[in-house]
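**Q** Position chain Y against the provided structure of chain P, taking the given hints into account.
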Amino acid sequence: MRLNQTPESPAEPVSLDRLPQDVPAVVSHVEAGDEEIARMQSMGVCEGRPIHTVRAGSRMVVCAAGTRIGLDRRIAASVIVTPLPDGTPPCFG
Amino acid sequence: MTAAPPSNSSSAVVQPTIGQSTRSTEATVALLGNPNAGKTTLFNRLTGLRAKTANFPGTTLEVRRGAADLEHHRVTLLDLPGLYSLGSMNSANPEEAVAADTLRGDAPGVDRPAAAVLVIDATSVARHLYLVSQVRETDVPVVVALNMIDAAERSGLSIDADALSLQLGAPVVPVSARNGRGIVQLRREIEKIVADDERVTAPVPEPLAACSRCGGCPHAARHAWASGVAADSVKGLSAAAQRWSDRFDTVLTHPAAGLGVFAAIMAGLFVLIFSTAAIPMDLIDAGFAALGGWAESVLPDNDFRSFLIDGVIGGVGGVLVFLPQICILFFILTLLEDTGYLARAALVMDRLMSKVGLPGKAFVPMLSAHACAIPAIMSTRVIENKRDRLVSILVIPLLTCSARLPVYAMVTALLFAGRPVLGGLVFFGAYALGIVAALVIAFLLKLTLLPGKARPLVIELPDFRMPSLRVALLTTLDRGLIFIKRAGTIILLISMGLWVLSTYPKLPAERLGEVATPADAAQARALETQIAGAEAAGDTQTAATLGEELSLISGKYEVAHSFAGRLGRAVEPVFAPLGFDWQINVGVISSFAAREVVVSTLAIVYGLGEDAAEEPLTLSQTLAAQTHADGTPVFTLATSLSLLVFFVLAMQCLPTQAVARRETGGWKWPLFQLGYMTVLAYGAAWVTYTVASAFT
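Chains as they are written, first to last, in the numbering used here: chain P, 1 to 93; chain Y, 1 to 696.
Just chain P, same shape as in the assembly (with noise of 0.2 angstroms):
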């Protein structure tokens, strides 16, 4: 699914829990937090960088830095993505 977007508007931020399956994004923005958010972090997700949802759901997959990350949803509601117009999943390179 892709979301409902025109090449003179970019989507809008959204948190990661509402990043539909499949569309490519930037992280924009990840709220300060406690040792799972600091994993996460350090696991690739964080400001700037590329991520897509793999599998979306309470327990929900995602791929950041090359690799395939398994978060709580709840986790993934820290983290303000921007979904691009354009471009390949980083798990794709």
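Keep in mind that the hints were calculated from the coordinates and are not lab data.
Mixed in with the good hints, there may be bad ones.
[To be verified] Taking lysine to aspartate or glutamate pairs in the EDC-like style, the calculated list, with each CA pair at most 20 angstroms apart, reads:
(1) Y/K485 - Y/E663
(2) Y/K453 - P/E36
(3) Y/K453 - P/E35
(4) Y/K355 - P/D22
(5) Y/K453 - P/D34
(6) Y/K386 - P/E36
(7) Y/K386 - P/E35
[As the list claims (entries may be wrong)] Derived, one-sided and incomplete: chain Y residues facing chain P with beta-carbon distance under 7 angstroms:
(8) G82
(9) Y84
(10) S85
(11) R127
(12) P456
(13) V458
(14) L481
[As the list claims (entries may be wrong)] Counterexamples of contact, computed for chain P against chain Y with all Cβ distances above 12 angstroms:
(15) V14
(16) R18
(17) P20
(18) D72
(19) P83
(20) L84
(21) P85
For every residue, glycine included, the Cβ atom is placed at its ideal position computed from N, Cα and C.
**A** Below, chain Y alone, put in the same frame as chain P:
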């Protein structure tokens, strides 16, 4: 191929001085990398079987040390815990704090490493460079092992190790820890650093140094740097493989299909364990029986012989018989982990387990607990959050371990001999009761003593890959040796103590007539007369056979007379509501430290001798024939089920308590665990006895 950082191609990189001297003392070399980078495989490849597992001083973190031979030196290789970043000294993540302390030389009892070997996954260079960027900023000289280079090449990736080395300012050696490719070159690069008296660390390349100076998100600058370095040195795409992995993940992480796959794999795992472990278990059993028989044949009949056979050989054998199940479980779990599947299973289970306050990462320890709670409690170290880890430790002993199986087998044979379907249902019910109890207790702890939700899961899902048999075998060997050492020694001490309690004070032979029932006393007198006659006639074989019969009769009265027997009688009012008589009480008390002891104890107190414990049918037939003074049977359906439920839920394992004390840092929680499990077992057994009595 080895890529050393060129000294003349970049002003930002200086080739470290390479000395030629040799050292007599062993230098320490730290091995570190992300989880799933193949660090353990490389450690095993470099050290072989010379590894020792111990805790970091003052922590519960395990570290493996092993000797690795270089061309002219032997070094101590330190396998640091897997980590994604290098924490500060006060990092909340213990793995990161320990790694940082070790590299700084601040870890107590650990030598500051002369070099660090950073293991990175060649199939995912960009992500692993994050950690490299942090380690390069320490003063420790670094060698980068570009592991799984064969897998990267197969997936179409081409990595320019020279370019990578230039940008990292450190030698980069492409290796495959699985097949040994590049290991010789890796050893040479480590040796160059170890042999260098000055051990000058190459300067951090300027682009990397800029990361720690820039403002904004500290992670972002490093990832941007890592991404740029990877783009310059890694060519080719593995999109097809990634899409294939994604398709697998679509099924394996699906809320319903993922659970189905998990259930099928676990069912297969247990079928495999129980079907393949039977033969080695029988062999171990037979081996200890033969050893006991040999000791009986060469030693004179006295207390020392009884102590050696019943206390020492029987005690150690009673534990080691479960070793095959534990080894098979760890072998298969290591294979599954190596494929990358267990991380998916943890994600799927997290959804369910978090509802009762357990983290998804507790599921592998809980799985291991079905072999033995001791390694299971130790493996809760993968759970970072203290609350989550404590809840997991507190409920793990409720899950059916191997030591409960003899009790289940005894009760099954007692109730449903020759009716395998009903017997199977008893086993299933006992396993299910343990699992349900663990989940309910976790939920109650969440509502009361340990409030709060389990920490949200963040877990790497590594690429699927073929598992390594070598790694699985070495891990199994490691875990098996830990089990033998830790559980075996404690059980041995307990067995020796129990032998003393059930042997002393001794019942004088002339007092047997006073304490035995009239029938037993008459039979004992008749046997004594027959033995005397046989001895007078020189028929030693008959005399020996009759002597064994006499010792069976006297044995149960001797136990009754012992400290253990007296205690069994003293607590009769306590256990009477569960349908237990004093002999069962002796079994319950004697198995306080090791639950499987109840079977051999019942065999002794009901006058069968220990050999009968190995033949549940014989034991069950005798137990079924036992009656109270009023002639009613002792082992009714209600009493048998009550006994079963009690042993499903009771702690009855001192080694587990000892490990829980070590892992929780004191006796407070292990005593709470003992208390709640005893109350739960007693209450559930009472309910079972009361309900079953009402219907029978």
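**Q** For each hint, tell me whether it holds in the structure or not.
**A** Verification of the supplied hints:
1. Restraint check: the Cα-Cα separation between Y/K485 and Y/E663 comes to about 17 angstroms, which is no more than 20 angstroms; the hinted pair holds.
2. Of the supplied pair hints, the one linking Y/K453 and P/E36 holds, its CA atoms being roughly 14 angstroms apart against a limit of 20 angstroms.
3. Taking the CA atoms of Y/K453 and P/E35, the gap is about 15 angstroms. The hint holds against a cut of 20 angstroms.
4. Restraint check for Y/K355 and P/D22: the C-alpha separation of about 28 angstroms exceeds 20 angstroms, so the hint is violated.
5. Of the supplied pair hints, the one linking Y/K453 and P/D34 holds, its CA atoms being roughly 14 angstroms apart against a limit of 20 angstroms.
6. Proposed proximity of Y/K386 and P/E36 is supported: the alpha carbons are some 13 angstroms apart, at most 20 angstroms.
7. Of the pairs offered as hints, the one joining Y/K386 and P/E35 holds, with about 12 angstroms between alpha carbons and a cut-off of 20 angstroms not exceeded.
8. For Y/G82, the suggested interface contact is broken, since its CB lies about 12 angstroms from the closest CB of chain P, more than 7 angstroms.
9. Look at Y/Y84: its Cβ gets to within about 4 angstroms of chain P, closer than 7 angstroms, so that hint holds up.
10. The interface hint given for Y/S85 is met, as the beta carbon of that residue sits about 4 angstroms from the closest beta carbon of chain P, less than 7 angstroms.
11. Hint on Y/R127 holds. Least Cβ distance to chain P is approximately 4 angstroms, under the 7 angstroms limit.
12. Here the hint on Y/P456 is kept, as its CB sits about 3 angstroms from the closest CB of chain P, short of 7 angstroms.
13. Interface restraint check: Y/V458 against chain P, minimum CB-CB distance 5 angstroms, threshold 7 angstroms, status holds.
14. For Y/L481, the interface hint is violated, since its Cβ never comes within 7 angstroms of a Cβ in chain P; the closest pair sits about 32 angstroms apart.
15. No beta-carbon of chain Y is positioned within 12 angstroms of the beta-carbon of P/V14; the least distance is around 19 angstroms.
16. Remark: the non-interface label on P/R18 is consistent with the geometry, its nearest Cβ contact in chain Y lying 16 angstroms away (cut-off 12 angstroms).
17. Distance check for P/P20 against chain Y: the nearest CB is about 15 angstroms away, which clears 12 angstroms, and the non-interface claim stands.
18. Its beta-carbon lying about 3 angstroms from the closest one in chain Y, P/D72 breaks the requirement of being farther than 12 angstroms from that chain.
19. At roughly 19 angstroms from the closest C-beta of chain Y, the C-beta of P/P83 stays outside 12 angstroms, upholding its exclusion from the interface.
20. With 12 angstroms as the threshold on Cβ separation, the claim that P/L84 sits away from chain Y holds: the shortest Cβ distance comes to roughly 16 angstroms.
21. Listed as outside the interface, P/P85 is consistent with that label: its C-beta sits roughly 21 angstroms from the nearest C-beta of chain Y, beyond the 12 angstroms cut-off.
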